[in-house]
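Per my numbering, the sequence shown starts with residue 4, numbered consecutively.
By construction, these hints were calculated from the structure, which means they are not laboratory data. A portion of the hints provided could be inaccurate.
[What the hints assert, rightly or not] Mimicking BS3-like on lysine-lysine, the simulated pairs with C-alpha atoms at most 30 Å apart in a straight line are: (1) K351 x K327; (2) K302 x K257; (3) K27 x K355; (4) K257 x K355; (5) K327 x K355.
On a predicted model such as this, the values are computed, not experimentally measured, just so you know.
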Amino acid sequence: MEPIAVLQGRRVLLGVTGGIGAYKICVLASRLTQAGAEVDVVMTEAATRFVAPLTFQALTGRPVYTDLWSTPGPGLPTHIAHVGLAHSADLLVIAPATANTLAKLAHGLADNLLTTLALAATCPVLVVPAMDAGMWSNVATQANVQTLRARGVRFAGPTWGRMASGLEGEGRMIEPEEILGHIRLVLGRNGPLSGRRVVVTAGPTREFLDPVRFLSNPSSGRQGFALAQAALDRGARVTLIAGPTHLPTPVGAKRVDVISAQEMHDAVLEAVAEADVLLMAAAVADYRPQETVPQKMKKKDAALTLRLVRTPDVLAAVAEQRAKTGRPRVTVGFAAESENLVENARAKMEAKRLDLIVANDVTAADAGFAVGTNRVVILDLQGGVQELPLMSKSAVAEVVLDRVVDLLETAISSRRSA
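Using the sequences and the hints, build the whole thing.
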């Protein structure tokens, strides 16, 4: 796993209580550590019945705390564990959080190290409930949840699923990857795009010839989804307009699913009306069949001739709307080229009145469509050319969003001084 910028150097206090989901938190602790966070694990006595403290120590490379009278590890600001841990953390995550622990938190009990440091914590608190469905739906538990929410405690889950009891219902802990998304959302909330609206498009579009055949392209949507996550990590309010893809929605993003270029056009124009930034990473079809037949076309011996017509030009429509309303303040396009990369990309940037364009050669086997890596060139209106080496699409998104932050600050400053 590669480092995650929003987690770099951040101290996450991970409280583990006595539920079967504790074994999955080992995965979360490992992911956080690999991503660059400093993870201090605090376990209740019941949690140690499910997972040995040594497991978390091996995964995080840091001491694990199980006792109220524990001595703080190196780097903590006090010799009293619950004070040092609580005051040094950027985020307290309690996962899994049992009904018993929720009750203690709601009523301010402090009978173990975890509940004691929860009272002393000055950082945000994220709770990940996990319990049997009947316990979760019980009025006492729901009253405790409402009390904690009113105090600013954030909740992630639970979800519907199979319990350790064999029953099904709401109460199952969400998966580690989703918990990680909630952690990123909390830690990025005050980032440089805090309060800003960012629209991202991703994936392909499909133009149907009949109910089972369509024109499309191999876009997986990975680059667009990576851009959405990078914007969320910087505190943005993100609308993700996605063509057909099975990628999971980044936690915190508002997802709008579309199929055709016309649907993409309509969704984008509606979303950017009040947006600060548009990142147009979708691979939108340029042509569609002139006619769509209602039933499956049968194979014949004769050749088939298709007449194609243009689809709506989304970026051109955005440029026209932007000229009238000033929104979005920053527009970034993407260019998938097979030849004359820089020349074609610059021509597109000027024609569509973009602030920035990200171009890549889709003929390269390790970049472009349907792979996890990309090799791009970023062009700007001042004639700048930034060539990036082969890197993950998440890393590309980080570079692009850094450029977007600078462009948006310049656009806002220019408007204020005008």
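TODO: Assess, step by step, whether the Cα of K327 is no farther than 30 Å from the Cα of K355, and give holds or violated.
DONE: Given that 30 Å is the threshold and the Cα spacing comes to 15 Å, the pair holds.
Open item on the list: Run the distance test for K27 versus K355: straight-line Cα separation, threshold 30 Å.
Closed with: Answer violated: K27 to K355 is near 47 Å, above 30 Å.
Task: Holds or violated: K302 to K257, with C-alpha atoms at most 30 Å apart - done: The given pair, whose Cα atoms are some 41 Å apart, is violated under the 30 Å limit.
Task: Given pair status - K327, K351, alpha carbons within 30 Å - done: holds, 21 Å
Task: Restraint status (C-alpha distance of K257 to K355 at most 30 Å) - done: holds, 26 Å
In this structure, the hints that do not hold are numbers 2, 3, in rising order.
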